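Participant: Whole structure, please, built from the sequences with the hints as guidance.
What follows is each chain in one-letter form.
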Amino acid sequence: MRGILRAIPSSYEIATPLTDAWIVATSESDTTIISALRTFEEGLILNSFVARLLAVYPFVGGNSTKHAFNFMDTANFQLTYFGGITHNANGFNPNGSTGYAKTGIIPSANMNGVTNSFGFYSRTSIAQFSVDIGSTKSNHTGSVVFTKDTDNLTYYSNNDTYGPSGNLSDTLGLISFTRNSSTVKKVFRRGVVNFTKNPATQEIVSTFEFFISADNNAGYPARCFSTRNLSFVYFATASFTDAEMLTFSNLVQELQTALNRQV
Amino acid sequence: MIAIITQEQRDSLVGFEFMPQTFFNLDVKDINDNYFIDEIEINQCNIQWIKDLPLTIYQPKIQVNPFL
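Chains as they are written, first to last, in the working numbering: chain A, 1 to 263; chain B, 1 to 68.
Because the hints were derived from the structure by calculation, they are not lab data.
In this text, all values refer to a predicted model and were calculated from it rather than measured experimentally.
Don't be surprised by glycine CBs; every beta carbon is placed ideally from N, CA and C.
Please note: incorrect hints may appear among the correct ones.
[Unchecked claim] A few chain A residues that face chain B, going by a derived Cβ cut-off under 8 Å, partial list only:
(1) F82
(2) G84
(3) Q128
(4) F129
(5) Y155
(6) A222
[Claimed, not checked] When the alpha-carbon atoms are kept at most 27 Å apart in a straight line, the in silico DSS-like pairs for lysine-lysine are as follows:
(7) K29/B with K61/B
(8) K51/B with K102/A
(9) K29/B with K102/A
(10) K102/A with K61/B
(11) K51/B with K61/B
(12) K29/B with K51/B
Facilitator: Laid out in structure tokens, this is it:
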């Protein structure tokens, strides 16, 4: 009788074309980084997150060239940096006075006005009057995130008018801002809903590109510069359910852990 | 720390990529309405006349926080 028992693989490999493209674009050779990205991409594929992610900036590789590429599409929405920024293995470190990044992502043209999500992985827990992702359409409207102001409140908008929304106990880990419908938007910290807000149904969608670590003040010079160390930024053209956001946050956390820069 | 620059010096740097994918931020002025280059930018660029500029402490313009 022939033995028929075979070891059942505990995991299986799937194609990771985004990581392949990333390697070609960045000439990345660090096996730790490549392995971390492949695992992250597998998670995106298995959870059907790929199609809704317009841009992902994983800030791996430690320099401005590698930190510029959009993991979801290396040919589009590359970051352009301005001012005082230090790049290292922990990601992107703006100086809080001049440093920021332009994304090329315009809410009215590239995002969805009713359902969307954007956010970042922060390694810095601070309260300051600064913007971490910002595209102001006009006075106090658009999509702008004052993550934790000096009064410890979050002021943000997502295609509406911005105002106070709640209090994040700290600003470490993945912080996400999701608009689930015309009347519901949520802020997640580490994949868990921190607070929910019911905006006006009217969508006020900015026509100016998103900046990272500063606000795009309706096309005027950038303002409200941040010192927050970011290790990951994403923009999604559809929202995430609460369960999906927890899964996504866990994938991002695993990516940071694999790179030994988790918080 | 920052280095104060003149309007002419500022204009000469517009659009100059001093590091891959990275440009000077030439839109911000200090409290005395001077254009300036941040010390990080100075260290990262390869322009000698910028590196020769004297450094001074950065004094930002007062930001008005509309929320407080």
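Participant: Each hint should be assessed against the structure and marked as holding or not.
Facilitator: Status of the hints after comparison with the structure:
1. F82: Hint holds; F82/A Cβ to chain B Cβ min 4 Å, cut 8 Å.
2. G84: OK, holds: G84/A within 8 Å of chain B, min 4 Å.
3. Q128: Check failed: Cβ of Q128/A comes no nearer than 10 Å to chain B, outside 8 Å.
4. F129: 5 Å, holds
5. Y155: 5 Å, holds
6. A222: 7 Å, holds
7. K29/B with K61/B: Between K29/B and K61/B the Cα gap is close to 8 Å, so the pair holds against 27 Å.
8. K51/B with K102/A: Holds, at about 26 Å.
9. K29/B with K102/A: With Cα atoms ~20 Å apart, K29/B and K102/A stay inside 27 Å; holds.
10. K102/A with K61/B: 23 Å, holds
11. K51/B with K61/B: 24 Å, holds
12. K29/B with K51/B: Measuring from Cα to Cα gives roughly 19 Å; hence the hint holds.
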